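Student: Here is how the chains run, residue by residue.
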Amino acid sequence: MPAAQQTASRTNTTNDVVLSIQCAHRSFKTPEGGQVHALRGVDLDIFENEFVTLLGPSGCGKTTLLRCISGFERLDSGDIAIGGESMARRPAHKRPVNTVFQSYALFPHMTVLQNIGYGLEAAGVGRRERIARSEEALEMVGLGDMGQRRPEQLSGGQQQRVALARAIVNRPRLLLLDEPLSALDRNLRQQMQIELKRLQHELGIAFVFVTHDQEEALTMSDRIAIFNGGRIEQLASPREIYDHPASEFVARFIGESNLFSGKIADATLISSTGNPLPLCSKQLDLRNFDNGRQVTAVIRPEHLHLCAPEAPQAQLNARITEVIFLGTEYQLICTLNDQSLIKVRVTDVNTPLSVGQNIGLSYAPEQLHLIAGSTPLRGAA
Amino acid sequence: MHSTFSTRLLSLYGVLFFLFIYLPIGLIFVYSFNSNPINMMVWQSFTFDWYRTIFGFSAEVTEATLYVESTDQLIGAVQNSLIVASVAASLSTLLGTAAALALYRFRVRLEGFYRALMMTPMMMPDIVLGIALLIFFVSIGIDLGVTTIMIGHCTFLISYVFIIVSARLAGMDPSLEEASADLGATPFTTFRRITLPRILPGVMGGLMLAFIISMDDLVITYFISGVDATTLPVFILSMIRRGVKPEINAIASMLLMFSIIVASLGIYLRARSEKRL
Ligand SMILES: Nc1ncnc2c1ncn2[C@@H]1O[C@H](COP(=O)(O)OP(=O)(O)OP(=O)(O)O)[C@@H](O)[C@H]1O
Ligand SMILES: [Mg+2]
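Quick note, the sequences are listed as chains P and S, same order. Position 98 of the first sequence, counted from 1, bears residue number 98 in UniProt numbering, the numbering being contiguous throughout. Position 156 of the second sequence, counted from 1, bears residue number 156 in UniProt numbering, the numbering being contiguous throughout.
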């Protein structure tokens with residue numbers, strides 16, 4: 001199981017913390033006179049060789065955190081340590097991190113090779129070695145023959161690769177990438193995703209990667225930090241985050257989900273949908289959820305199965321309101337008794353489905369993940 | 001292309017437009033080769049005499065070319081102008097660029113106010129600035145001369161440089177400087193390798209413009225030049241006071257050529273660096 005594997009590989013390297021962020025706070029004054037809390041107590045440890053993705057909605061503080069790590073922005077309180085050394089008093093140019101900027105920020109008045117060699121030059125590496133290492137880095141990103149070009153003579157994807165080569169040639173402890181792929185088209189983005197992973201393996205550098213794209217986060221990361229309003233809501237492996245979201249926000253943000261709020265009663269969830277929803281007693285015991293406890297249950301659309309409305313296994317009754325064909329499967333939007341909506345995946349495309357049809361839905365209780373606490377009931381998210 | 005009445009009318013307008021701008025200048029140029037010493041508006045024959053005269057090479061000193069006596073003064077005035085323009089333009093380029101960088105780099109309170117302060121001297125009426133400078137120099141007891149002209153020119157030339165360099169800075173991607181620091185370059189290296197090359201076209205453009213404006217300034221210089229330090233425009237004015245002589249045309253034509261060369265150089269340098277960016 002990938003989740004278990006990741007946990008294992010993490011424990012192997014626990015002593016090699018590359019980056020340690022403790023209780024980072026940062027707020028900005030707005031021109032209107034108010035205050036924006038961009039970071040509100042972020043704790044984050046990143047290990048040697050790890051690929052960690054920061055994922056979250058716009059304005060939740062991802063860029064601010066990266067800028068604090070690289071030294072372009074200071075913390076109001078808290079500490080950032082790289083390789084065990086506090087960075088509080090270190091200016092940006094003395095920190096062992098490199099950044100791939102979203103806008104690439106290639107120096108327009110220099111050739112590609114000069115761009116890549118810039119960091120080595122600043123570090124005092126001799127001309128011969130500088131050129132050799134720059135060429136090697138350029139080779140690594142697959143642009144071996146373009147060293148003499150100027151950035152404006154490259155396509156967006158090629159510029160992206162140069163920015164990457166420029167950042168890795170210095171062999172930093174940590175590479176920061178702020179939405180590096182957002183300007184690329186879908187095909188190129190997927191290709192770059194694979195290449196980034198390969199590079200990360202070859203180099204053994206820890207990557208902190210910011211993205212808006214949850215699919216990107218799920219496929220690339222060792223761990224994902226889900227950001228919300230300047231805080232980390234959950235920090236775990238992709239599998240863990242998908243299967244066991246720690247909060248409603250995470251459940252809604254990652255993948256598609258159906259949420260039910262209610263009270264626990266005799267291993268069932270009493271919610272406004274009418275039917276008591278059976279819960280997995282093992283999970284209840286494990287998490288010490290007693291009768292009467294307010295919880296929110298999450299179930300993914302692919303874990304709901306169709307059956308006849310009167311069938312004994314039907315745990316929910318619904319009416320189909322929309323059928324969306326997705327190529328290899330259908331997505332159904334159904335209305336429950338309480339008028340809330342629920343999403344269902346149907347993989348058997350030969351099932352006759354029509355709008356207005358009454359159906360039954362069943363699920364395995366262990367697929368229903370419980371989140372403590374409650375908010376006003378809502379069906380689909 | 002199909003030429004209709006309206007496009008022909010438009011072409012005519014274009015011709016008239018450029019005639020309106022360039023005819024007076026062209027006339028001066030033509031007159032500077034006219035040998036008629038009495039009435040320059042009547043063409044007699046082609047001559048280089050007026051050019052020769054102002055350089056002091058007049059072969060036959062006649063009643064008509066009696067003007068030679070001022071040649072030394074003229075050369076002195078040109079020298080003064082060149083010295084003043086070089087020093088004032090360099091100094092104001094340095095100061096104007098530094099001011100633009102400071103306001104760009106640091107988050108200053110009342111930034112808009114300071115920007116306005118930087119631009120005001122440029123928009124102030126020349127006559128006001130001239131009188132103000134004169135009173136200032138006299139009251140603190142500096143003798144009027146080349147030095148006061150340089151200082152006076154700097155006060156408004158800095159504005160021009162400031163505006164041009166600021167525009168250049170505003171167009172610069174701020175992440176370039178961050179990228180440089182991120183790659184380990186010290187602030188000084190970042191300035192030398194990244195910031196300066198990026199704003200250099202603006203700095204050079206500001207230098208050229210400041211030079212031409214300084215060469216050309218009459219009103220302010222007139223107030224603060226004193227008796228001995230005459231610049232070319234002030235000299236020409238005093239010459240014309242004694243009657244418009246044909247030599248004026250020759251001087252004006254040469255001044256024009258000089259300005260065109262400096263301006264072209266500026267545009268060329270700018271275009272070249274623009275292409276390299
Ligand atoms: N220099 C600044 N001055 C004032 N407010 C700022 C500044 N930088 C960031 N903020 C505010 O801090 C919050 C977090 O911004 P940040 O750029 O970190 O978001 P983000 O997560 O990177 O968003 P996105 O995904 O859109 O890039 C935002 O509300 C933003 O308006
Ligand atoms: Mg951002």
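For the record, the hints were derived by calculation from the structure and aren't laboratory data. Please read all numbers here as calculations on a predicted model, not as lab measurements. Hints are not guaranteed to be accurate.
[Said to hold, decoys possible] Some but not every residue of chain S turned toward chain P, in silico, with C-beta under 10 Å:
{"no.": "1", "residue": "T7"}
{"no.": "2", "residue": "R8"}
{"no.": "3", "residue": "S11"}
{"no.": "4", "residue": "L12"}
{"no.": "5", "residue": "A170"}
{"no.": "6", "residue": "D173"}
{"no.": "7", "residue": "E177"}
{"no.": "8", "residue": "S180"}
{"no.": "9", "residue": "A181"}
{"no.": "10", "residue": "D182"}
{"no.": "11", "residue": "L183"}
{"no.": "12", "residue": "A185"}
{"no.": "13", "residue": "T186"}
{"no.": "14", "residue": "P197"}
Every residue, glycine too, gets a C-beta built ideally from N, C-alpha and C.
Student: With reference to the structure, classify each hint as holding or not holding.
Tutor: Hint check results:
1. The beta carbon of T7 of chain S comes no nearer than 38 Å to any beta carbon in chain P, farther than 10 Å, and the hint placing it at the interface is violated.
2. With a least beta-carbon distance of about 42 Å to chain P, the hint placing R8 of chain S at the interface is violated under the 10 Å criterion.
3. Below 10 Å, beta-carbon pairs count as interface contacts, and S11 of chain S has none with chain P, the closest being about 38 Å; its hint is therefore violated.
4. Because the smallest distance between the Cβ of L12 of chain S and any Cβ of chain P comes to about 42 Å, over 10 Å, the interface hint for this residue is violated.
5. The beta carbon of A170 of chain S is not positioned within 10 Å of any beta carbon in chain P (closest approach about 16 Å), and the interface hint is therefore violated.
6. Checking D173 of chain S against chain P: minimum C-beta separation of about 7 Å stays under 10 Å; hint holds.
7. Interface restraint check for E177 of chain S: the shortest CB-CB distance to chain P comes to about 9 Å, inside 10 Å, so the restraint holds.
8. This hint holds: S180 of chain S has a C-beta 7 Å from the nearest C-beta of chain P, less than the 10 Å allowed.
9. Checking A181 of chain S against chain P: minimum C-beta separation of about 4 Å stays under 10 Å; hint holds.
10. Restraint check, D182 of chain S versus chain P: the minimum CB separation of about 5 Å is within 10 Å; hint holds.
11. Restraint check, L183 of chain S versus chain P: the minimum CB separation of about 4 Å is within 10 Å; hint holds.
12. Taken as an interface hint, A185 of chain S checks out: its beta carbon lies about 4 Å from the nearest beta carbon of chain P, inside 10 Å.
13. Proximity of T186 of chain S to chain P holds as hinted, the smallest CB-CB distance being about 6 Å (cut-off 10 Å).
14. For P197 of chain S, the interface hint holds, the least distance from its beta-carbon to any beta-carbon of chain P being 5 Å, beneath 10 Å.
Violated hints, in rising order: 1, 2, 3, 4 and 5; the structure is consistent with all others.
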